[in-house]
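Asks: Sequence:
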Amino acid sequence: MSEPASGRSALAPLDARVSECRACPRLVEWREQVAREKRAAYRDQTYWGRPVPGFGPSDARLLIVGLAPAAHGANRTGRMFTGDRSGDVLYAALHAVGLANQPTSVDRDDGLELHGVRITAPVHCAPPANKPTPAERDECRHWLDDEIELLRPTLRAVVVLGAFGWQALLPVLADHGWPVPRPRPRFGHGAHALLGDLHLFGSYHVSQQNTFTGRLTPAMIESVLADAGRAAGLPVT
Numbered sequence: 185m186s187e188p189a190s191g192r193s194a195l196a197p198l199d200a201r202v203s204e205c206r207a208c209p210r211l212v213e214w215r216e217q218v219a220r221e222k223r224a225a226y227r228d229q230t231y232w233g234r235p236v237p238g239f240g241p242s243d244a245r246l247l248i249v250g251l252a253p254a255a256h257g258a259n260r261t262g263r264m265f266t267g268d269r270s271g272d273v274l275y276a277a278l279h280a281v282g283l284a285n286q287p288t289s290v291d292r293d294d295g296l297e298l299h300g301v302r303i304t305a306p307v308h309c310a311p312p313a314n315k316p317t318p319a320e321r322d323e324c325r326h327w328l329d330d331e332i333e334l335l336r337p338t339l340r341a342v343v344v345l346g347a348f349g350w351q352a353l354l355p356v357l358a359d360h361g362w363p364v365p366r367p368r369p370r371f372g373h374g375a376h377a378l379l380g381d382l383h384l385f386g387s388y389h390v391s392q393q394n395t396f397t398g399r400l401t402p403a404m405i406e407s408v409l410a411d412a413g414r415a416a417g418l419p420v421t
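This note's numbering puts the first residue of the sequence shown at 185, with every later residue one more than the last.
Note that these hints are calculated values from the structure, not bench results.
Careful: at least some of the hints might be erroneous.
Unchecked claim - Straight-line alpha carbon distances no greater than 20 Å define the calculated SDA-like cross-link-like pairs of lysine to any residue that follow:
(1) Lys315 with His383
(2) Lys315 with Gly346
(3) Lys315 with Leu378
(4) Lys315 with Ala347
(5) Lys315 with Gln229
(6) Lys315 with Leu379
(7) Lys315 with Arg414
(8) Lys222 with Asn314
(9) Lys222 with Val212
(10) Lys315 with Gln351
(11) Lys315 with Asp330
(12) Lys222 with Gly233
(13) Lys315 with Trp214
(14) Lys315 with Gln392
(15) Lys315 with Pro197
(16) Lys315 with Gln393
(17) Lys315 with Pro209
(18) Lys222 with Asp199
(19) Lys222 with Arg269
(20) Lys315 with Gly233
(21) Lys222 with Val290
(22) Lys315 with Asp243
(23) Lys315 with Ala200
(24) Lys315 with Cys205
(25) Lys222 with Pro312
(26) Lys222 with Ala313
(27) Lys222 with Arg325
(28) Lys315 with Ala207
(29) Lys222 with Arg292
(30) Lys315 with Arg206
(31) Lys315 with Arg210
(32) Lys315 with Arg325
(33) Lys315 with Val218
Given these sequences and hints, build the entire structure.
Replies: Right, dumping it as structure tokens:
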């Protein structure tokens with residue numbers, strides 16, 4: 185079991201609805217094509233091939249916002265940042281700062297638990313070339329709206345991985361009553377803005393492009409997660 189039943193209860197109906205969405209024809213076609221054709225290394229596995237809901241407890245104090253599921257990662261396993269190198273980096277960092285019970289994320293039944301943290305994305309389907317369109321982002325926005333609304337009573341900090349997620353999230357936060365200043369805070373690695381009672385942090389995305397080139401190192405992502413965890417009132421090691 186990936187998280188306690190009590191932590192899932194409030195968000196479980198939303199997660200179920202997310203996983204059934206077919207609103208964007210291009211994304212539906214792509215995610216299902218990938219699930220049929222598969223990557224050779226995973227040819228014996230059954231791909232999820234659907235929208236991927238958020239992962240983590242409904243009383244999370246810290247939210248991590250990515251971009252979209254990876255074609256052979258979350259689109260295969262059905263859990264955010266699970267089964268690819270981006271997830272390897274993210275979950276190892278969460279474990280290193282005490283916010284996850286283990287450093288690996290292989291499949292939905294691997295026993296991974298997050299401590300006070302939830303992970304989501306502004307687009308819930310794997311997009312071709314990892315690039316959702318602005319229209320697809322906007323079509324998917326209502327899911328992020330609903331998730332933020334359910335998390336609002338406990339949410340105290342957000343880490344956004346990449347500029348796409350930053351741009352998608354700020355209007356949602358404003359609509360839910362957090363004071364987003366004008367001009368809006370600019371994205372950057374290590375960016376930090378206080379929006380009322382909510383701390384907003386930026387980090388480069390844990391993509392292979394960033395981690396393989398050294399633009400984002402384990403120490404860099406661990407530092408941001410530790411700062412965000414402390415801001416959220418979570419015990420950080």
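Asks: Taken at face value, is the distance from the CA of Gly233 to the CA of Lys222 at most 20 Å?
Replies: Holds, at roughly 10 Å.
Asks: Does Arg206 sit within 20 Å of Lys315, going by the straight-line distance between their CA atoms?
Replies: Answer holds: Lys315 to Arg206 is near 18 Å, not above 20 Å.
Asks: Given the hint that Lys315 pairs with Leu378, does the C-alpha gap stay at or below 20 Å?
Replies: Distance ~29 Å between Lys315 and Leu378 Cα, so the pair is violated.
Asks: Does Arg325 sit within 20 Å of Lys315, going by the straight-line distance between their CA atoms?
Replies: holds (16 Å)
Asks: CA of Lys222 to CA of Pro312, is that 20 Å or under?
Replies: With Cα atoms ~14 Å apart, Lys222 and Pro312 stay inside 20 Å; holds.
Asks: Take a quick look at whether Lys315 and Ala200 sit within 20 Å of each other, Cα to Cα.
Replies: violated (24 Å)
Asks: For a C-alpha distance cap of 20 Å, please report whether Lys315 and Pro197 respect it.
Replies: Given pair Lys315, Pro197 is violated - Cα atoms ~28 Å apart, limit 20 Å.
Asks: Next pair to validate is Lys315 with Arg414; report whether the Cα-Cα distance is within 20 Å.
Replies: With Cα atoms ~32 Å apart, Lys315 and Arg414 exceed 20 Å; violated.
Asks: Would the hint linking Lys315 and Pro209 be met if the CA-CA limit is 20 Å?
Replies: Holds, because 15 Å separates the two Cα atoms, which is no more than 20 Å.
Asks: Measure nothing beyond the straight line between the CA atoms of Lys222 and Asn314; if it is 20 Å or shorter, mark the hint as holding.
Replies: holds (16 Å)
Asks: Does Lys315 pair with Arg210 here, judged by a C-alpha cut-off of 20 Å?
Replies: holds (12 Å)
Asks: Is the hinted pair Lys315 and His383 satisfied, with a Cα-Cα distance of at most 20 Å?
Replies: violated (27 Å)
Consistency with the previously given hints fails for numbers 1, 3, 5, 6, 7, 11, 15, 18, 22, 23 and 27, ordered from lowest to highest.
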